[in-house]
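Engineer: Construct the complete structure from the given sequences, taking the supplied hints into account.
Number of protein chains: 2
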Amino acid sequence: MTSPADRTPARPGRRHLLRAGTLGAGALGVGAAGVGLGRSLGAPSAPADSAEEASTHWAPYGGPTVPFHGVHQAGIETPAPASATLLALDLREDVDRDGVLRMLRLLTDDAARLTRGEPALADTEPELSSEPASLTITAGFGPGLMSRAERPAPDWLAPLPAFGIDELEEQWSGGDLLLQVAADDPLTVSHAARMLLKDARAFTTPRWGQTGFRRSPGVVRPGSTLRNLFGQLDGTANPAPGSEHFAKVVWIEDGPFAGGTSMVVRRIRMDLDGWDEADRGARDAATGTRQDDGAPLSGGDESTPPDFEKVSANGFPVIGEFSHMRRARGVDDGEHQEIYRRPYNYEHAPAPGSGLLSEAGQVFVSFQADPLTQFLPIQRRLDELDLLNQWTTPIGSAVFAIPPGCAEGEFLGQSVLE
Amino acid sequence: MTSPADRTPARPGRRHLLRAGTLGAGALGVGAAGVGLGRSLGAPSAPADSAEEASTHWAPYGGPTVPFHGVHQAGIETPAPASATLLALDLREDVDRDGVLRMLRLLTDDAARLTRGEPALADTEPELSSEPASLTITAGFGPGLMSRAERPAPDWLAPLPAFGIDELEEQWSGGDLLLQVAADDPLTVSHAARMLLKDARAFTTPRWGQTGFRRSPGVVRPGSTLRNLFGQLDGTANPAPGSEHFAKVVWIEDGPFAGGTSMVVRRIRMDLDGWDEADRGARDAATGTRQDDGAPLSGGDESTPPDFEKVSANGFPVIGEFSHMRRARGVDDGEHQEIYRRPYNYEHAPAPGSGLLSEAGQVFVSFQADPLTQFLPIQRRLDELDLLNQWTTPIGSAVFAIPPGCAEGEFLGQSVLE
Ligand code: HEM
Ligand code: HEM
Numbered sequence: 001m002t003s004p005a006d007r008t009p010a011r012p013g014r015r016h017l018l019r020a021g022t023l024g025a026g027a028l029g030v031g032a033a034g035v036g037l038g039r040s041l042g043a044p045s046a047p048a049d050s051a052e053e054a055s056t057h058w059a060p061y062g063g064p065t066v067p068f069h070g071v072h073q074a075g076i077e078t079p080a081p082a083s084a085t086l087l088a089l090d091l092r093e094d095v096d097r098d099g100v101l102r103m104l105r106l107l108t109d110d111a112a113r114l115t116r117g118e119p120a121l122a123d124t125e126p127e128l129s130s131e132p133a134s135l136t137i138t139a140g141f142g143p144g145l146m147s148r149a150e151r152p153a154p155d156w157l158a159p160l161p162a163f164g165i166d167e168l169e170e171q172w173s174g175g176d177l178l179l180q181v182a183a184d185d186p187l188t189v190s191h192a193a194r195m196l197l198k199d200a201r202a203f204t205t206p207r208w209g210q211t212g213f214r215r216s217p218g219v220v221r222p223g224s225t226l227r228n229l230f231g232q233l234d235g236t237a238n239p240a241p242g243s244e245h246f247a248k249v250v251w252i253e254d255g256p257f258a259g260g261t262s263m264v265v266r267r268i269r270m271d272l273d274g275w276d277e278a279d280r281g282a283r284d285a286a287t288g289t290r291q292d293d294g295a296p297l298s299g300g301d302e303s304t305p306p307d308f309e310k311v312s313a314n315g316f317p318v319i320g321e322f323s324h325m326r327r328a329r330g331v332d333d334g335e336h337q338e339i340y341r342r343p344y345n346y347e348h349a350p351a352p353g354s355g356l357l358s359e360a361g362q363v364f365v366s367f368q369a370d371p372l373t374q375f376l377p378i379q380r381r382l383d384e385l386d387l388l389n390q391w392t393t394p395i396g397s398a399v400f401a402i403p404p405g406c407a408e409g410e411f412l413g414q415s416v417l418e
Numbered sequence: 001m002t003s004p005a006d007r008t009p010a011r012p013g014r015r016h017l018l019r020a021g022t023l024g025a026g027a028l029g030v031g032a033a034g035v036g037l038g039r040s041l042g043a044p045s046a047p048a049d050s051a052e053e054a055s056t057h058w059a060p061y062g063g064p065t066v067p068f069h070g071v072h073q074a075g076i077e078t079p080a081p082a083s084a085t086l087l088a089l090d091l092r093e094d095v096d097r098d099g100v101l102r103m104l105r106l107l108t109d110d111a112a113r114l115t116r117g118e119p120a121l122a123d124t125e126p127e128l129s130s131e132p133a134s135l136t137i138t139a140g141f142g143p144g145l146m147s148r149a150e151r152p153a154p155d156w157l158a159p160l161p162a163f164g165i166d167e168l169e170e171q172w173s174g175g176d177l178l179l180q181v182a183a184d185d186p187l188t189v190s191h192a193a194r195m196l197l198k199d200a201r202a203f204t205t206p207r208w209g210q211t212g213f214r215r216s217p218g219v220v221r222p223g224s225t226l227r228n229l230f231g232q233l234d235g236t237a238n239p240a241p242g243s244e245h246f247a248k249v250v251w252i253e254d255g256p257f258a259g260g261t262s263m264v265v266r267r268i269r270m271d272l273d274g275w276d277e278a279d280r281g282a283r284d285a286a287t288g289t290r291q292d293d294g295a296p297l298s299g300g301d302e303s304t305p306p307d308f309e310k311v312s313a314n315g316f317p318v319i320g321e322f323s324h325m326r327r328a329r330g331v332d333d334g335e336h337q338e339i340y341r342r343p344y345n346y347e348h349a350p351a352p353g354s355g356l357l358s359e360a361g362q363v364f365v366s367f368q369a370d371p372l373t374q375f376l377p378i379q380r381r382l383d384e385l386d387l388l389n390q391w392t393t394p395i396g397s398a399v400f401a402i403p404p405g406c407a408e409g410e411f412l413g414q415s416v417l418e
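First to last, the sequence lines map onto chains A and B. Its first residue numbered 1, the first sequence is counted upward by one per residue in UniProt numbering. Its first residue numbered 1, the second sequence is counted upward by one per residue in UniProt numbering.
Derived from the structure by calculation, the hints contain no laboratory data. Possibly wrong hints are sitting among the right ones.
Identical chains blur together in the list; that is why a pair holds if it fits in one copy or across any two.
[Said to hold, decoys possible] DMTMM-like mimics (lysine to aspartate or glutamate), calculated; alpha carbons at most 25 Å apart, straight line: (1) K310 x E321; (2) K198 x E277; (3) K248 x D123; (4) K248 x E93; (5) K198 x D273; (6) K198 x E321; (7) K198 x D292; (8) K198 x D301; (9) K198 x D90.
Structural biologist: In structure tokens, the structure reads:
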């Protein structure tokens, strides 16, 4: 339901239509060209209109909309846009099962509106809702929400075990309710997140919020792999959205959460200053891939399958045994778990006096049908041994159960909570 | 030199050319359509290329470049892009005049490269430099830098006087050197800021950093006025970039800083929760403009000049005497100073336990030839009386002298420091 092919151009808000007549056919071109669709659009974009025309002609800005309703929630298989805020909220003590359902109804209603480019019900800045820019809103449930709603949680829904590499900070971990708000525009994200927080305010207190970024629309080739703050192509080995393989890796098949998935959020600090000291050889050896073009060290280009058997003149594997890719894939354990990674870069200015150039890292997000049999073994292997650990430190951790999508008239999580 | 009309499409980095042949003529269309040029481009955009084509055909992504060299520095008259980081640095104690000049040469050299879409000299992630996305880098000097360079500072170069509305926090104020790094892509900004910080590292310690956002390319009509986090159109009364009027308001005419300007940076917290309680009437009365379309309360549309004489049936001025616009313009004092405002929205997730929905506000930036005769009287009037003060609080403040632009082979500030 929410595969890339389903993206439709923005339906302009009622206000826009009232103010400027109907939307011309030229709309599709510019709207669609503005976002990172990983496929040919076929048609050339409409010309940008001039400032002179602007007062009489409503230009097709605002960006595409991504359907909110569907078998799966949006924001998972849909291309990750430029900007995202993840919010984790804790239920207030006095909120019971009925309160949880009431809150989810409110949130669903406003999420549906906002993703269509319409104001939230109690929107005091409707002007900030008219550019959906591929907005998606994805909800996830922590163990606390499931028990408050008096429904059994999936058995895997629990904090991850502690890892040796972890330096978790309470402020980045856990949460009863997760809202992933993502769009191709940071003001759209900011406003939508605020509207949802307002809906949830009577029922929850904010626990943590993490904002991250990828590339702005049009800046890199649609479908390009993300570059992280180390400069690496990060996401190459992901299952392809829209494929059967993706479905197998990500979507839960049976039970109340069928059509849903699990979401692991790890806040991972990246030591950019330390990374600066490492030369290309050390960097590439740490992942087993080349920083410049993402090709495996065994050769080819980004899309070439790695050859883990290949050895150098002196008999060592070209893709080293301690490299992140080899460890993550489980090559030497005869295993191969898969997950779908959809991370965001984060960076903020250094705290005064920290001596650092910046606080930076990755809001690591992965989706998988079962975190215990997919994510956990990978993370265990990386915890044991992974050259990349020299420069990365998990400082936050949370797991959420993502209910399936809902149909119009339903609320998010209805099938699992009723 | 750096007017909007000067924007040229991205010159692809050498690496790209080597990898994929020459850049076709179709480049201009998509590149230019990706940014907010406030004028007609004339030509339709090239079609987006498909993922299949991508390996054999280098697509014209990366965004336009803005010329770095010129009579004026870029990043002032050029359209404000989607993302910006402002960095304030303090000179280390042992850095003398020679050190300052050496540092500025280094910074200028790398700023010129990065804005062309080329890696910095010691760039360890050259892959993150190949999308300039209209990158501009603007340098400003605080009093500390001028005295270390043993040159007289303009007499206005000093902290602003304290205002009654101020709740300044040391962590957001002052600084010897200001770097404004702005582009249509947050990863481009992040990387460029980091490269400049590395250059400056031996000479300075970071004092503060502020990151802000406007709209992503393509999301709103090019040339649209920014919406701030209150939902207001903010920037309507600005002098038009490229006009003679702009030049008169912004550029210094005589002396060593001729062709330069002054930059005021105020970090202004905006009480979004309080703003939520105010109804449309109270909101519009606070500014004297309508939140929805930015028209003055006296009527018309955003571009209609306000009629400050107009009174309501009961004899009160329609644009109230305490409204932000009327006070800012000095209508009742028979004055009319002007400045050029180029602010960014900021927002981050609420601190745990703060009870707030978010920490939000505006990185207020204004450019004017003389802060004492232009900015100061406006700020004094607003400090005295301005309905908007109920919801806004300055928490940081700094003033910098912006030297004129430099020619190729020169360094930023050369004409004022040599
Ligand atoms: C900041 C932290 C991390 C960085 C910078 C990073 C970087 C990378 C890079 C550059 C690659 C190779 C290209 C690709 O396929 O994406 C990769 C692959 C991979 N990473 Fe990470 N990674 C990080 C954390 C993690 C974590 C926490 C996990 C899961 C526990 C993980 C799981 C994987 C997997 C499964 C692959 C694909 C391996 C394969 O089958 O080829 N990564 N990572
Ligand atoms: C967060 C703080 C602020 C907000 C939300 C804000 C908002 C606005 C709005 C909505 C307008 C009317 C539309 C326009 O012309 O832009 C305006 C006008 C203006 N503001 Fe502000 N403003 C803020 C701070 C300041 C500050 C600190 C100054 C200077 C000290 C300033 C100076 C002006 C000026 C000169 C005008 C144009 C008045 C005219 O000639 O019509 N503003 N502002």
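Engineer: Evaluate each hint against the coordinates.
Structural biologist: Here is what the structure says about each hint:
1. When the C-alpha separation of K310 and E321 is checked against a cutoff of 25 Å, the pair qualifies only within one copy, where the shortest distance is 12 Å, while the shortest distance between copies is 78 Å.
2. In this assembly of identical chains, the alpha carbons of K198 and E277 lie at most 25 Å apart only when taken from different copies (12 Å versus 45 Å within one copy).
3. With identical chains, the CA atoms of K248 and D123 are never at most 25 Å apart, being 39 Å at best within one copy and 41 Å at best between copies.
4. For the identical chains of this complex, K248 and E93 are neighbours neither inside a copy (38 Å) nor across copies (60 Å), given an alpha-carbon limit of 25 Å.
5. Taking CA atoms no more than 25 Å apart as the test, K198 paired with D273 passes between copies only; the shortest distance there is 9 Å, against 39 Å inside one copy.
6. Taking the shortest alpha-carbon separations for K198 and E321, neither the intra-copy value of 49 Å nor the inter-copy value of 33 Å comes in at or below 25 Å.
7. Within a single copy, K198 and D292 get their C-alpha atoms only as close as 44 Å, which misses the 25 Å cut-off; across copies the closest is 21 Å, which meets it.
8. When the C-alpha separation of K198 and D301 is checked against a cutoff of 25 Å, the pair qualifies neither within a copy, at 47 Å, nor between copies, at 31 Å.
9. Within a single copy, K198 and D90 get their C-alpha atoms as close as 14 Å, which meets the 25 Å cut-off; across copies the closest is 40 Å, which misses it.
Checked against the numbered hints above, the structure breaks hints 3, 4, 6 and 8 and satisfies the rest.
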